[in-house]
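2 protein chains.
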Amino acid sequence: MADDKKLTTRAEDFSAWYNEVVLRAELADYSPVKGSMVIRPNGYGIWERMQRALDDKFKATGHVNAYFPLLIPESFMHKEAQHVEGFAPECAVVTHGGGKKLEEPLYIRPTSETIIYHMFAKWVQSYRDLPILMNQWANVVRWEMRTRLFLRTLEFLWQEGHTAHATHDEAEAEAKMILGQYRDFMENWMAMPVVTGLKSESEKFAGALRTYCLEAMMQDNKALQAGTSHNLGQNFAKAFELKFQAESGEIEHAWNTSWGVSTRMVGGLIMTHGDDNGLVTPPKLAPIEVVIVPIWKTDDERAKMVEAANKLKAELTGWSGRGEDRLRVHVDARDGMRSGAKYYEWELRGIPLRLELGPKDLEKQSVFSARRDTRVKAAIPMEGVAPAVAQLLASIQADLFTAAKARRDAATHRGDITYDRFKEIMEGPGGFVYAGWNGDPAVEAQVKEETKATIRCIPDEEFRSPNAPKTCMVTGQPAKYEVVWAKAY
Amino acid sequence: MADDKKLTTRAEDFSAWYNEVVLRAELADYSPVKGSMVIRPNGYGIWERMQRALDDKFKATGHVNAYFPLLIPESFMHKEAQHVEGFAPECAVVTHGGGKKLEEPLYIRPTSETIIYHMFAKWVQSYRDLPILMNQWANVVRWEMRTRLFLRTLEFLWQEGHTAHATHDEAEAEAKMILGQYRDFMENWMAMPVVTGLKSESEKFAGALRTYCLEAMMQDNKALQAGTSHNLGQNFAKAFELKFQAESGEIEHAWNTSWGVSTRMVGGLIMTHGDDNGLVTPPKLAPIEVVIVPIWKTDDERAKMVEAANKLKAELTGWSGRGEDRLRVHVDARDGMRSGAKYYEWELRGIPLRLELGPKDLEKQSVFSARRDTRVKAAIPMEGVAPAVAQLLASIQADLFTAAKARRDAATHRGDITYDRFKEIMEGPGGFVYAGWNGDPAVEAQVKEETKATIRCIPDEEFRSPNAPKTCMVTGQPAKYEVVWAKAY
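As they're listed, the protein sequences go chains R and B.
Under the numbering used here, the first residue of the first sequence is numbered -12, with each subsequent residue one higher.
Under the numbering used here, the first residue of the second sequence is numbered -12, with each subsequent residue one higher.
Just chain R, same shape as in the assembly (with noise of 0.2 Å):
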């Protein structure tokens, strides 16, 4: 249970206060596995939202859900080059199965490229069977020396979309569209705004033509990736003879995609929203979007008000205004337990909005409402609470996007900014910085090397700066590119 002690502020130590945050609210606890976290009901709330709607946009836009295996033959893993280079050393090894050694050890998948182009070969004969539209749910393991709770674990949960193409163009389209799906997701529904684009070469997908990110702002003004859609070309589909006879007779290879966001995404939520009262949800990820706290002093009294915020639950969660997605209300009615401490738990624990109902709110036929974002508190009256209830939640949801909208703006430089500038905003507060880039891997490598930020994205155009620098900004030399640069998670 939630204690009433202080949590570490975010000014104090970001990265204790993200830990706590994390633990005290119930999100996830550590496993005995060194690096594996356990989820908990509170946070696998939130994540089972998050599938929902992302679901949804995925079967909307024609992708059915399938499921492969776990294992996969060490073979596979080296048909590809760059793919095996980049995944080996992270896998995690089956040598023994049924009380035997293996004659083939198997990885656990670290990804499934490689698994699930060699079953659409299987499947693919002519231009007919495309194109294949596939995603699956499913955990990941790969082995990762320093993890955080969310942001990097030994294991994960994500989705893993897989899609083959006749052409390179309706790949390269499929990247991109899923590209927006997700930016829609992260905007729309975990408020949290991203800058879009595309990898430089040595930060790309090992395997891929090119990968396409979104890159968001934390409160301590580091980025986090917080997806990637890949256009893998043909690369896989030579590795695993996945061909198909075309309109014209021909014999070709297919063009691949594959795109994924996974639980990261829950710490990107916290990170992005939460305050020095804990955990900040949006409404729409928020498993519960209303508590009702009733206020008694005596035993009478409780009943009457335990009733009396059960009827309010009955009308808010009978209101039919938003459809089928109905109010989420929860009601606490737990004895024994001062007001002031369900508060401070269920701040704590991020629900969007609290409505307090005592005995003198009832006589006035209003509620108390207080905001969990800006913790502004107002009275709604009985009378058409369940529209204003919503009203107020679609508020904090767009308020939520609007002010981590501006935090990242405030934390984003621009224009001319010399290399020794960019060096005093990495060492001290960070931020992203758009400057120019020759283009030049060495340079990239230097920059990294000198003050631990990466070239986050060659942003999408609308990102990109009104004059943007034309020169490199550790060079001098022209600039192919406008880049962002962040240190990251």
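No lab work stands behind these hints: they were computed from the structure.
As the structure is a computational prediction, the values presented were derived from the model and not from experiment.
Wrong hints could be hidden among the right ones.
All copies of an identical chain are treated as equivalent in the list; a pair is satisfied when it fits inside any one copy or across any two copies.
Only pairs whose alpha carbons sit at most 27 Å apart, straight line, appear in this in silico DSSO-like list of lysine-lysine [claimed, not checked]:
1) K364 x K347
2) K88 x K66
3) K329 x K109
4) K300 x K46
5) K300 x K410
6) K88 x K21
7) K230 x K163
Starting from the structure of chain R, add chain B where the hints point.
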């Protein structure tokens, strides 16, 4: 794609029929790792609907979802003596991670009692923290030698519920309540009749006090254990020091239950309802309930009929007579494919209801329907088509259950059956035999050895024979229980 070749019939070779249905209806496929399967979208769609229905039931009865790690330290598996004996031999073992040999090997979870009760012990201090009612949707690995698609695979998907209670009686009530939820799901969603009861000591879960189970009969008269619910007593609580301070102030060990159903149920669905034309899906679990096949001869006619089919689909899906549970309808407007080939394919895939819409039907303002289960065909007037279709689907759902129950009852043997007659039944047609048993494990082992039949359960009261045998079928001694014998998957 499905070809027109006839399936092996159930009468010819039930096992071959089953595999052909799974592969040709594209429910699943073999994977390159022996014993692992790929669940293809047609099969996964059924599993998704199973998940949704069960998840709703778990939540309605107060359970929350969480997620625990895939990898379990070897030492954990050894803490409960019966458990390690039952499961360790069939585990997959990770010995290397991140390029290094691990100090302690990790087992891929065959089930999660050990790690979950370890975590519960961390979270529970007082009786106020009880009960804990949790569930997880997860993959597990058991090293099986003889595998069958869906029925027995190296890796499978399931849910595992885990609860902790203050008393034996509460745990017992939970285990039985869940058995009831499973039964409701199997009867009313899967349309699969089940016998519920208690496992004998030799058949119970490794580490349980008591195992309750649901046994269904497949069309080859073999039993399928479709789900289990265990009262674990205090065995795991003692092994993992899951203790709490009772209201009395005493420190006591908690009482646990665990319960699970898996993708095996998809196999049960196939073998319960499938026929010589392929899969038959109960409407409630069908991702597509109705397929509309527009019929045309000329291109002009095609445009008109596809438009009419889409209009019909809109009318069906727009109908709100089932509330939020809208009709799930697909229009098959594929060009260059004969209607007969389409019918064949949708029958193979088990779509409950087909609607054929040709120019003459349109003229008569009706549509021609063909039930998948009984293959009965009838015209339905366009006026009021949606409620008529919903009514037909409800009839299909009910009739599938009635037919399956009639088949099971026809292959169920009760009364005073001699052991010789029993052997004849088990060597011949098979089925469920209700017989007296003196309770001696040696007798149970002898029958298994001699006939391959096992005690499926000591049936719950409502399934017992009105005149239960008073003597043990094998020894002639007084019967301690009436039990259900069958050969099983």
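Going through the hints against the structure:
1. Taking the shortest alpha-carbon separations for K364 and K347, only the intra-copy value of 16 Å comes in at or below 27 Å, while the best inter-copy value is 66 Å.
2. Proximity of K88 to K66 under the C-alpha cut-off of 27 Å is found in both arrangements, the shortest distances being 23 Å within a copy and 24 Å between copies.
3. Within a single copy, K329 and K109 get their C-alpha atoms only as close as 57 Å, which misses the 27 Å cut-off; across copies the closest is 23 Å, which meets it.
4. For the identical chains of this complex, K300 and K46 are inter-copy neighbours only, at 18 Å across copies versus 32 Å inside a copy, given an alpha-carbon limit of 27 Å.
5. For a Cα distance limit of 27 Å, the shortest separation of K300 from K410 qualifies neither inside one copy, at 54 Å, nor across copies, at 62 Å.
6. Taking the closest pair of Cα atoms, K88 and K21 come within 27 Å of each other both inside a single copy (25 Å) and across two copies (15 Å).
7. Within a single copy, K230 and K163 get their C-alpha atoms as close as 23 Å, which meets the 27 Å cut-off; across copies the closest is 53 Å, which misses it.
Checked against the numbered hints above, the structure violates only hint 5.
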